[in-house]
Amino acid sequence: MTETSATARDAAPPRPLWQVLLIRPEMMTLILLLVGIFAGSQLSEFFLDTDYILKSFTLSAEFAMVALVLTLVIIAGEIDLSPAANMALSACLFAWVQAAGVPLPLAVLVGLGAGLAMGALNGALVIGLQIPSIIVTIGTLILYRGLAQIIAGDKSIRVPESFVGINDVMVAGIPLPVILFCLLALVLGLLLGTTIFGRQIYLVGTNEVAARHAGVRSARIRMILFLMMGLVSAVAGLMTASRLGSVRYDLGLGGELQMVLMAMLGGTYIFGGRGTILGTFLAAWLLVIVTTGMIVANVLPAWQLCVLGLLLIVSIIATNLIYSRTQR
Amino acid sequence: MTGWRSLLLRRETGIAVMIVLFCLAVGAVKPQFLTLNSLRIILLLTPLILIGAMGQMLVIVARHVDLSIGSILGLTAMVAGMMFRYAPEVPWPLAFPLAIGLGAVLGLVNGALVTLFRLPAIIVTLGTLSLYRGMTFIISDAKQIDRQYVPSALKAMSQTSPVFGIPWIIFIAFGVALLTWWFAMHTRIGRQVFALGSNPVAAPLRGINVTRVTLTVFAISGALSGLAGIMYASRWGFVNPSNTGNGFEFQVIAAVVIGGVSINGGVGTVPGVVLGVLLLGCVSAALPLLGIPGTTQSAIYGAVILIALVIDRMVRMQGRTRGTQRAGA
Amino acid sequence: MLRKSTLIGLTAGLAMLAGAAMAEPLKIVYIGKNTGNPYFDSITGGFEDACKSLGCEFEFVAPATAEATSQIPFIEAQIQRGVNVIGIAPNSPDALNEVLASAREKGILVLTVNGDITGSEQYRDATILPVNFDIVGRDQVELVGSLIGYEGEIAILSATTEAPDQNKWIVGMNETLKSDPKYAKMKLVATVYGDDQPEKSTTEMEALLANFPNLKGVIAPTTVGIAAAAQVVQSRGLAETVKVTGLGLPSEMRDFIKDGTVTAFQLWSPYNEGWLAVHFAKGVLDGSIKNEVGGTFEVPNLGTITINPNNSINTQAELTTFDAKNIDEFNF
Amino acid sequence: MDSGSNPVLLSARGIAKQFAGVEVLSDVSLDLRRGEIHALLGENGAGKSTFAKIIAGVHRPTRGTLVLNGQEVDIANPIVAQRLGITLIHQEPISFPDLSVAENLVLGRDAGAPLARVPWARMLAEARATMGLLGVSIDVTRPMRGLSIADQQMVEIARALASDSRLILMDEPTAPLTPKEVATLFTIARRLRDEGRTVIFISHRLEEVRALCDRVTIFRDGRKVATEPTAALADADIIRLMIGRPLKEYLHKTKTQVGDVALKVTGLTRPGLFRDISFQVRRGEVVGLAGLVGAGRTDVAQAIFGIAPAEQGSIEVAGRPVRIPDPAAAIALGLAFVPEDRAQAGIFRSLPVDQNITAAVPRRIAPVLFIRRAVERALAVEAVKRLRIRLATLRQPIGELSGGNQQKAILSRWLLTDPQVLILDEPTRGIDIGVKAEFYDRIGELAADGRAILLISSELPELLALCDRILVMSEGRLTAELPRAQATQEAIMQAAVPRLQGVAA
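Heads up: the protein sequence lines correspond to chains Z, R, A and D, in order.
Residue numbers for the first sequence, in the working numbering: 1 to 328.
Residue numbers for the second sequence, in the working numbering: 329 to 657.
Residue numbers for the third sequence, in the working numbering: 658 to 989.
Residue numbers for the fourth sequence, in the working numbering: 990 to 1494.
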């Protein structure tokens, strides 16, 4: 008698394999990407040109790199809205100390160190004081950008010629920032998918309390992620400085929307526990394709704002639906 | 009276004391800061933020956040401005219901996305922040509404005064604050907002219609942003598709958080938020008087938000350790 | 024989190609600082009218924000579209260098219109500015002097602390005040910055009035600043005591002129910048104008224009002064 | 008092409820009369709470109808229930910590339009009056935050009182209460009955049921198995009906070889939660930890395991003094902890079963840097076989499994760490009886294996059957240590209930 009831309570049969493979957010991203490429080619005859698309991607490569790390942060159940401001502050500090006579390699270290310090402050407030990361990083977003403004005023600071031009370095015909992005995606993809650290990110994001009970050092993992976030933001800031040849406090202004958008479009679940680097990788290309397609077709930037906003909302709705369907 | 009352009082007194100390400190350096005139300047800096903060307070008390208010302000102000420009025959006061109504609709869209799809408000409103701003550009064809189109009577509301030399716009803002206080403390749905934020899981079990309450706070936030939109046109005399309302959300969230509204929901008072707005107003008015460049303002805002968060957290931690003591033992 | 006919054929072919190229209308694009900036409506009007009369294709694009890098994807896109001329109001004096260089490599004529990339002039072909910026400071001091009877305290309410044009003008104002005995009784008591935001400009203006009770005049050489300053003076009923002037848009200042808050202010014609830019670009590309310092050319309605050092071109010699008498003649 | 002839207030007809395709309540039909106190009895997960929640509008039945006063009603949500005069006192007090006690009292029954005015003065006066009736002195203007669990429960009860309901459902209301408060509660419940109202009383304490209730209905495995007047059933009958077999079958524990001290705690203190806790567990020994809800048992376990370390006191593992700042350190020392709240602290709902099983042994599945899927899978397969976990595939999210199988997976996670000391916190809560028996077998085996086991349980028969010794906690202190021979339900309850003999009658 207990046997039957036990069977009754066992769950429904597993989903068929094709569903497991196809009903995934990354699939949605891939389809959107293909649609985007097609739509772009219809909008403008100038669009389908590999060199041009690669060049356009270079302009977003810094944000895309940050978005990859942000994906890990979101999977771990946190969020960071401050990286764009972090980019500006670390780049401004770098340019400022460098202009004040500090040797270039040391100045680079100062920039990276500043990024790490900003990540550490975010982490300390979120993990140490247990304030929700969303509100902490809104606060630090304003603070970091404000500090950059204090340091640099609103003038641009030139960076030395030797530091300029990362986007002109070509490896096998591909701009270096794109290569770096792909490499970072590969490394983080392996980290997330095949290592214990990656596994524990999912555990923490799925159920932080259970993860701690299972011996996962959740505070340490989340702190490492915030530090990674700080570091990659600083790297992105310096890459932007190298690309532009100068630095101003408004560097990367509003970039947090794009970064969050890339992660969301890639199917990262806003409440944590799910998402993949592959998704964000595809989403970064999708976003570049969409914006580039609109710009080269001379679509009003107003429409771009609308499309970005709508994409963000639609992508989280879709992701939520997919996850709620596949998770009974 | 009780621990609860005194705690809240302490938070509000705390802000009030900070305001007084700050003003005295600035006054020591620049005596002209302690004049009626600078009070007028401070008051004139606050109405938009105060109106926005009342809506945002309710949203945050209900455990959400609305980042789109700046874009709602911009869009409603633009719609009102276009009415002034392209339909000058329409009586200008109709712009009030128009902007407030449109704001409410935009807020309802936020609320509907949050409740229907169970999405986090922060992401939804980050999306509509972008969406509404884009719509502002589109309907206006990216053209500014210049001063000459904004009715003088509307502009006069920021300058002429019914009594004491205080312009209408300030009365409106404080009237909104009073209404919000009444709404929050003395209506059923107002208390339900606090209940929902205090314990979202239990709220439906106690017969609280979560959807209705959530929609209401977002609609109020939107409607008040719409009112702020009209006030913007009154105060500055023009509406610009890109600048109007840009960054408004950060000022408002700063004021609300400083005013003691807990981001964990359930806690917040109108007097606290009013004081928070006034404190920000004092800082904004004092900076130029002291000759501190405006570029520092943003960093100060950020620092003040973080400090307020840390204080809030400390108070909470204390409250929790006290809470764990058993009454019986 | 065969060789000769081949050559002839080739030449003919080339000539046809050239002819075809000439028949293709010139593609001109103007990239503004950001959308929704009323100042650029007027410049764009000049571009449009000139392109219509000269048979060029014209597009106006602008990013949503005036952030330093926001124009870069737009420039890249225009290069990709194969435009012939890029006119741009740069958002940064140096962040655009790389992308402008690559545009010029592709043979695109790059003009900065209404604002220059000071210090990076080698990355553009020429700059089109409304007036010689050296005279702006002088003219503004003269204007405020005439309004306050050349006596008393004055202050400057500028845009941002680093705004290059404004700073150049402020240097000019200081030099004029110091060197010309005519202004000996005028004293510049403060220079403050409203960051081109109405809120900040207003608080700065209020602070000026509080800090300097004897203030007689305020120069605000920025469109946002002058409107904010005028509004403060208007709402406090100080129009008689404190004279506000500076650089403003007639469309934004009309009300203040009409109700007497502001007696006079100055500006130039943004429209003419666009008009001139198109004529200049077309002339340079078809070879009729040589882009050399000291060269001159004719532009309909504007007369003879000289190319100044640094390939800088001005649309007018003097600032236009707007007051109650002429304000209604201008609709930008 | 005889309520046998009273008219029927509410009658449930064929009520069934499914959650995610799993039927947790099948075809329950039951008549509730006016002026009776009706007990719902059953093991955890038998369906009694679900049934109560359906009546209170928290859940909607999948099938079946409810008839109130002869009229079919659709209790779609708690608001409707409230309007029909039905109030549920939840098992764990539900409160709005930031609202005042008075508001907590009226929330949910305050009628009127959304913009209707809140009558503060009247509300406060009524709240004071109601609290006075209960004999509780709580300032009604203070916020709920900071009230003890017992006080919160009293507010819950006061709320039901104030609501003027016809039908009041109490879901294990006495668990956190002191005997004096229990006595007050019983007095009130009887008065409500005498006024002609109906009270449903859910408990698993037979003494309380016997003292208070007119009739009992017994649930088992989602079905109603009996409804009888309380007097008509002997305790043994009730237990037999509840568990479906005589109690004897539980007694599995065979005598094992008791070895060295595996875990020893001395003077463990965490102010406000527990104080001066000292005990030891030897290898091969099963030590029970009994006490009322909120007595601090879980807090002690969490302190030992490093989740919320104690502020004072020392811990020795295998004879060596150790410091355990976090669970990772505890695991390294050979400790394992199966938490009480499976959903909150145990499972990773959306992750596959195999990942759930291997969550605590990262080193074993990834000896160098990368996870070896084959190893992980092999470990999981073995665990599934060993504990007979029922599942479709290892890639299935664990949330799709039944509660018992989830619990087995959690246990297997800890067995993979090869623990020397195993702390089990209510391991059989909410799982089927058949699976429960398996668990008991497993616990016996583990002890026989030479592991030390600390078993926290609220089910006294379970403790009595399995443990070599039983520790009892009350209000944060150890109040008794009973060897197996001396342990009886009465002895345990006496030590568990503060300052009193037995349960209020």
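It cannot be assumed that every hint is accurate.
[Said to hold, decoys possible] Think about it this way: if two alpha-carbon atoms lie no more than 25 Å apart in a straight line, the pair counts; the simulated SDA-like pairs of lysine to any residue are:
{"hint": "1", "chain 1": "Z", "residue 1": "K55", "chain 2": "A", "residue 2": "G739"}
{"hint": "2", "chain 1": "A", "residue 1": "K839", "chain 2": "A", "residue 2": "A820"}
{"hint": "3", "chain 1": "Z", "residue 1": "K155", "chain 2": "A", "residue 2": "P821"}
{"hint": "4", "chain 1": "A", "residue 1": "K842", "chain 2": "A", "residue 2": "G776"}
{"hint": "5", "chain 1": "A", "residue 1": "K684", "chain 2": "Z", "residue 2": "V35"}
{"hint": "6", "chain 1": "A", "residue 1": "K763", "chain 2": "Z", "residue 2": "V187"}
{"hint": "7", "chain 1": "Z", "residue 1": "K155", "chain 2": "A", "residue 2": "G776"}
{"hint": "8", "chain 1": "D", "residue 1": "K1374", "chain 2": "D", "residue 2": "T1406"}
{"hint": "9", "chain 1": "A", "residue 1": "K709", "chain 2": "A", "residue 2": "L942"}
{"hint": "10", "chain 1": "A", "residue 1": "K947", "chain 2": "A", "residue 2": "D796"}
{"hint": "11", "chain 1": "R", "residue 1": "K471", "chain 2": "Z", "residue 2": "A297"}
{"hint": "12", "chain 1": "A", "residue 1": "K915", "chain 2": "R", "residue 2": "Q360"}
{"hint": "13", "chain 1": "Z", "residue 1": "K55", "chain 2": "A", "residue 2": "E762"}
{"hint": "14", "chain 1": "A", "residue 1": "K873", "chain 2": "R", "residue 2": "W420"}
{"hint": "15", "chain 1": "A", "residue 1": "K844", "chain 2": "R", "residue 2": "F412"}
{"hint": "16", "chain 1": "A", "residue 1": "K825", "chain 2": "A", "residue 2": "L711"}
{"hint": "17", "chain 1": "A", "residue 1": "K915", "chain 2": "R", "residue 2": "G619"}
{"hint": "18", "chain 1": "A", "residue 1": "K839", "chain 2": "A", "residue 2": "G776"}
{"hint": "19", "chain 1": "A", "residue 1": "K684", "chain 2": "A", "residue 2": "F869"}
{"hint": "20", "chain 1": "A", "residue 1": "K844", "chain 2": "R", "residue 2": "W420"}
{"hint": "21", "chain 1": "Z", "residue 1": "K155", "chain 2": "A", "residue 2": "R911"}
{"hint": "22", "chain 1": "A", "residue 1": "K915", "chain 2": "A", "residue 2": "N968"}
[Unchecked claim] Ranges between beta-carbon positions, derived for each pair:
{"hint": "23", "chain 1": "R", "residue 1": "R446", "chain 2": "D", "residue 2": "T1382", "range": "37 to 45 Å"}
{"hint": "24", "chain 1": "R", "residue 1": "V529", "chain 2": "Z", "residue 2": "L321", "range": "19 to 27 Å"}
{"hint": "25", "chain 1": "R", "residue 1": "W510", "chain 2": "Z", "residue 2": "V102", "range": "52 to 60 Å"}
{"hint": "26", "chain 1": "Z", "residue 1": "C182", "chain 2": "R", "residue 2": "G355", "range": "39 to 47 Å"}
{"hint": "27", "chain 1": "A", "residue 1": "Q779", "chain 2": "R", "residue 2": "A481", "range": "52 to 60 Å"}
No lab work stands behind these hints: they were computed from the structure.
Cβ coordinates follow ideal geometry from the N, Cα and C atoms, glycine included.
Verification of the supplied hints:
In summary, the hint linking Z:K55 to A:G739 is supported, as the alpha carbons are separated by about 16 Å, within the 25 Å threshold. For the proposed pair A:K839 and A:A820, the alpha carbon gap of about 28 Å is over 25 Å, so the pair is violated. For a cut-off of 25 Å, the pair hint linking Z:K155 to A:P821 stands: about 9 Å separates their Cα positions. Between A:K842 and A:G776 the CA atoms are separated by roughly 36 Å; this puts the pair beyond 25 Å, and the hint is violated.
For the proposed pair A:K684 and Z:V35, the alpha carbon gap of about 30 Å is over 25 Å, so the pair is violated. Among the hinted pairs, A:K763 with Z:V187 is inconsistent with the structure: their alpha-carbon atoms are about 37 Å apart, more than 25 Å. For the proposed pair Z:K155 and A:G776, the alpha carbon gap of about 13 Å is at most 25 Å, so the pair holds. Among the hinted pairs, D:K1374 with D:T1406 is consistent with the structure: their alpha-carbon atoms are about 17 Å apart, no more than 25 Å.
Of the pairs offered as hints, the one joining A:K709 and A:L942 holds, with about 17 Å between alpha carbons and a cut-off of 25 Å not exceeded. Under the criterion of a C-alpha separation no larger than 25 Å, the hint pairing A:K947 with A:D796 is inconsistent with the structure, at around 31 Å. A threshold of 25 Å between alpha carbons decides the hint, and for R:K471 with Z:A297 the separation of about 21 Å falls inside it, so the pair holds. Our distance criterion of 25 Å between C-alpha atoms is broken by A:K915 and R:Q360, whose separation comes to about 33 Å.
With a C-alpha separation of about 16 Å, the suggested pair Z:K55 and A:E762 falls inside the 25 Å cut-off, and the hint holds. Of the supplied pair hints, the one linking A:K873 and R:W420 is violated, its CA atoms being roughly 36 Å apart against a limit of 25 Å. Distance hint between A:K844 and R:F412 is unfulfilled; the C-alpha atoms sit about 42 Å from each other, more than 25 Å. For a cut-off of 25 Å, the pair hint linking A:K825 to A:L711 is broken: about 35 Å separates their Cα positions.
Of the pairs offered as hints, the one joining A:K915 and R:G619 is violated, with about 33 Å between alpha carbons and a cut-off of 25 Å exceeded. A C-alpha spacing of about 34 Å is found between A:K839 and A:G776, which places the hinted pair above 25 Å, so the restraint is violated. Our distance criterion of 25 Å between C-alpha atoms is broken by A:K684 and A:F869, whose separation comes to about 53 Å. In summary, the hint linking A:K844 to R:W420 is not supported, as the alpha carbons are separated by about 44 Å, beyond the 25 Å threshold.
A hinted pair counts as satisfied when its Cα atoms are at most 25 Å apart, and Z:K155 with A:R911 does not qualify at roughly 33 Å. Of the supplied pair hints, the one linking A:K915 and A:N968 is violated, its CA atoms being roughly 40 Å apart against a limit of 25 Å. For the hinted restraint 37 to 45 Å between R:R446 and D:T1382, the CB-CB distance of approximately 29 Å leaves it violated. Take R:V529 and Z:L321: their Cβ atoms lie about 23 Å apart, and the range 19 to 27 Å holds.
In this structure the hint that R:W510 and Z:V102 lie 52 to 60 Å apart at CB holds, the actual value being about 59 Å. Between Z:C182 and R:G355 the beta carbon distance is about 59 Å. The supplied range of 39 to 47 Å is therefore violated. Under the hint 52 to 60 Å, the C-beta atoms of A:Q779 and R:A481, about 54 Å apart, fit the expected range.
Hint compliance for this structure: hints 2, 4, 5, 6, 10, 12, 14, 15, 16, 17, 18, 19, 20, 21, 22, 23, 26 are not met, and every other hint is.
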